[in-house]
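Student: Take 68 as the starting number for the sequence shown in my numbering and just add one per residue.
To be clear, the hints were calculated from the coordinates, so they are not data collected in a lab. Careful: at least some of the hints might be erroneous.
Here are the simulated EDC-like pairs of lysine to aspartate or glutamate, each with C-alpha atoms no more than 20 Å apart in a straight line [unchecked claim]:
1) Lys100 with Glu111
2) Lys113 with Glu173
3) Lys100 with Asp215
4) Lys113 with Asp290
5) Lys138 with Asp289
6) Lys293 with Asp224
7) Lys200 with Asp212
8) Lys100 with Glu173
9) Lys105 with Asp215
10) Lys138 with Glu287
11) Lys105 with Glu173
12) Lys113 with Glu287
13) Lys208 with Asp195
14) Lys113 with Asp289
15) Lys138 with Asp300
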Amino acid sequence: MPRCAKNTNINAHNVCDSLNCIFCLVPLLMQAKEILAKESNVQEVKCPVTVCGDVHGQFHDLMELFRIGGKSPDTNYLFMGDYVDRGYYSVETVSLLVALKVRYRERITILRGNHESRQITQVYGFYDECLRKYGNANVWKYFTDLFDYLPLTALVDGQIFCLHGGLSPSIDTLDHIRALDRLQEVPHEGYNWCHDRNVVTIFSAPNYCYRCGNQAAIMELDDQLKYSFLQFDPAPRRGEPHVTRRTPDYFL
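Please build the complete structure, drawing on both the sequences and the hints.
Tutor: Have a look at this one:
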């Protein structure tokens, strides 16, 4: 059984190298599961924090996000789900975020999106990517088991409520949240205000699906809850197949 040297410096290169060894990846996921199991469905987050939206397997754009927003753990991050599917590097993308969570658990919060599920990932690419890269579905099973442990929402300084895409109508303790009609399409500028500027949608995958032409954005919240948006364009592409620029009719 191959052994891997311990490396506490988390970066894209050593994470991607570790992905070649399932004996490195599985213990990482098991350790992350133990950490996430202790977190609440409504995870408390302190300011200052940088809030990020969907990344969808666009690994090079995630690297651009960290370049723009700051490296972890220097920057406190909150990611609101949809780490996999659509993009070509879902395994690398979610593995890096999980590794950062294990290494800097107090400096990064990762929520669950609708794509962090068994059903969705079997349709939109993550399952097939795991089969292609590992030859079987075992890694996919380990990841989807981990997804079950991701917290659902976050509350920033007790005032700003963050979640992936809205709440079920059966949740009736907060009537105004139940009535939210969340946006279904990608915001072209990377973010979009609605409901009298009480709700903002953040999308952090530039040129979504490699064809939509949108900017991405992250939101920085300082210790006084004052916000600012950082927008960014796609990182240079590296060996990815050509994709038509036809915009999809819908987004999931």
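Student: Against this structure, judge whether each hint is valid.
Tutor: Against the structure, the hints come out as follows:
| no. | hint | verdict |
| --- | --- | --- |
| 1 | Lys100 with Glu111 | holds, 18 Å |
| 2 | Lys113 with Glu173 | holds, 10 Å |
| 3 | Lys100 with Asp215 | holds, 9 Å |
| 4 | Lys113 with Asp290 | holds, 8 Å |
| 5 | Lys138 with Asp289 | holds, 16 Å |
| 6 | Lys293 with Asp224 | holds, 12 Å |
| 7 | Lys200 with Asp212 | holds, 19 Å |
| 8 | Lys100 with Glu173 | holds, 15 Å |
| 9 | Lys105 with Asp215 | holds, 13 Å |
| 10 | Lys138 with Glu287 | holds, 14 Å |
| 11 | Lys105 with Glu173 | holds, 12 Å |
| 12 | Lys113 with Glu287 | holds, 12 Å |
| 13 | Lys208 with Asp195 | holds, 12 Å |
| 14 | Lys113 with Asp289 | holds, 10 Å |
| 15 | Lys138 with Asp300 | holds, 18 Å |
In summary, the structure agrees with every hint in the numbered list given earlier.
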